[in-house]
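Engineer: Sequence:
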Amino acid sequence: MISKNIIKEIIVSNRAFILESVSGIVPRAAGDVVAPGKTVIMHGIRRSGKTFILYDIFRRNSDAALYLDFEDDRLAGFTAADFLTVQDAFLELRPDMAKRIVYLFDEIQHV
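Residues -3 to 107, numbered by the working numbering, are exactly what the sequence shown covers, in order.
To be clear, the hints were calculated from the coordinates, so they are not data collected in a lab.
The model shown is predicted, which means the values in this text are computed figures rather than measured ones.
Don't take every hint at face value.
Straight-line Cα separation of at most 27 Å, DSS-like style, residue types lysine-lysine; simulated pairs [unchecked claim]:
{"id": "1", "residue 1": "Lys0", "residue 2": "Lys34"}
{"id": "2", "residue 1": "Lys34", "residue 2": "Lys95"}
{"id": "3", "residue 1": "Lys4", "residue 2": "Lys46"}
{"id": "4", "residue 1": "Lys4", "residue 2": "Lys95"}
{"id": "5", "residue 1": "Lys46", "residue 2": "Lys34"}
{"id": "6", "residue 1": "Lys34", "residue 2": "Lys4"}
{"id": "7", "residue 1": "Lys0", "residue 2": "Lys95"}
Pairwise CB distance ranges (calculated) [said to hold, decoys possible]:
{"id": "8", "residue 1": "Lys34", "residue 2": "Glu103", "range": "19 to 29 Å"}
{"id": "9", "residue 1": "Asn1", "residue 2": "Arg42", "range": "12 to 22 Å"}
{"id": "10", "residue 1": "Ala94", "residue 2": "Ile41", "range": "31 to 41 Å"}
Cβ coordinates follow ideal geometry from the N, Cα and C atoms, glycine included.
Kindly produce the complete structure, drawing on both the sequences and the hints.
Structural biologist: Next up, the structure:
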């Protein structure tokens, strides 16, 4: 089980990284896929830009977006039970977003 404090740290650091450090994002039509109650799975060959599409979606929805990359070593040992901890951690950071969270999970096959 991953601690809530570690998850909060990851949420905050990922937000800062995407908003302040990532450059060269080309807006794509795929970034318009966010809708309430909708699940979208992106798949494709390696190094085809899927992560940058997630960054674009994050930026378009930064007030409500939560991005986790499951290749992050701090998430080693993450299990399905930890998803509730992720939601709780995000809502402690952004309680005003309880009705609308945009979950962006990169490399989720590692869970």
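Engineer: Could one say that the CB atoms of Lys34 and Glu103 fall in the range 19 to 29 Å?
Structural biologist: Between Lys34 and Glu103, where Cβ atoms are some 21 Å apart, the hint holds.
Engineer: Would you check the hint for Lys4 and Lys46, treating anything up to 27 Å between C-alpha atoms as holding?
Structural biologist: holds, 24 Å
Engineer: Assess, step by step, whether the Cα of Lys4 is no farther than 27 Å from the Cα of Lys95, and give holds or violated.
Structural biologist: holds, 19 Å
Engineer: How does the Cβ-Cβ distance of Asn1 and Arg42 compare with 12 to 22 Å: does it lie in that range?
Structural biologist: At roughly 33 Å between Cβ atoms, Arg42 and Asn1 fall outside 12 to 22 Å, so the hint is violated.
Engineer: 31 to 41 Å was suggested as the range; check whether the CB atoms of Ala94 and Ile41 agree with it.
Structural biologist: At roughly 37 Å between Cβ atoms, Ile41 and Ala94 fall inside 31 to 41 Å, so the hint holds.
Engineer: Given the hint that Lys34 pairs with Lys95, does the C-alpha gap stay at or below 27 Å?
Structural biologist: Roughly 14 Å between the alpha carbons, so the hint for Lys34 and Lys95 holds.
Engineer: For the pair we were handed, Lys34 and Lys4, check the Cα-Cα distance against 27 Å.
Structural biologist: holds, 24 Å
Engineer: Below or equal to 27 Å on CA atoms is what counts here, so check Lys0 against Lys34.
Structural biologist: Within the cut-off at roughly 26 Å; holds.
Engineer: Is Lys46 close enough to Lys34, meaning Cα to Cα at most 27 Å?
Structural biologist: Answer holds: Lys46 to Lys34 is near 18 Å, not above 27 Å.
Engineer: With the threshold set at 27 Å, check whether the alpha-carbon distance from Lys0 to Lys95 stays at or below it.
Structural biologist: holds, 20 Å
Of the numbered hints stated above, the single one contradicted by the structure is hint 9.
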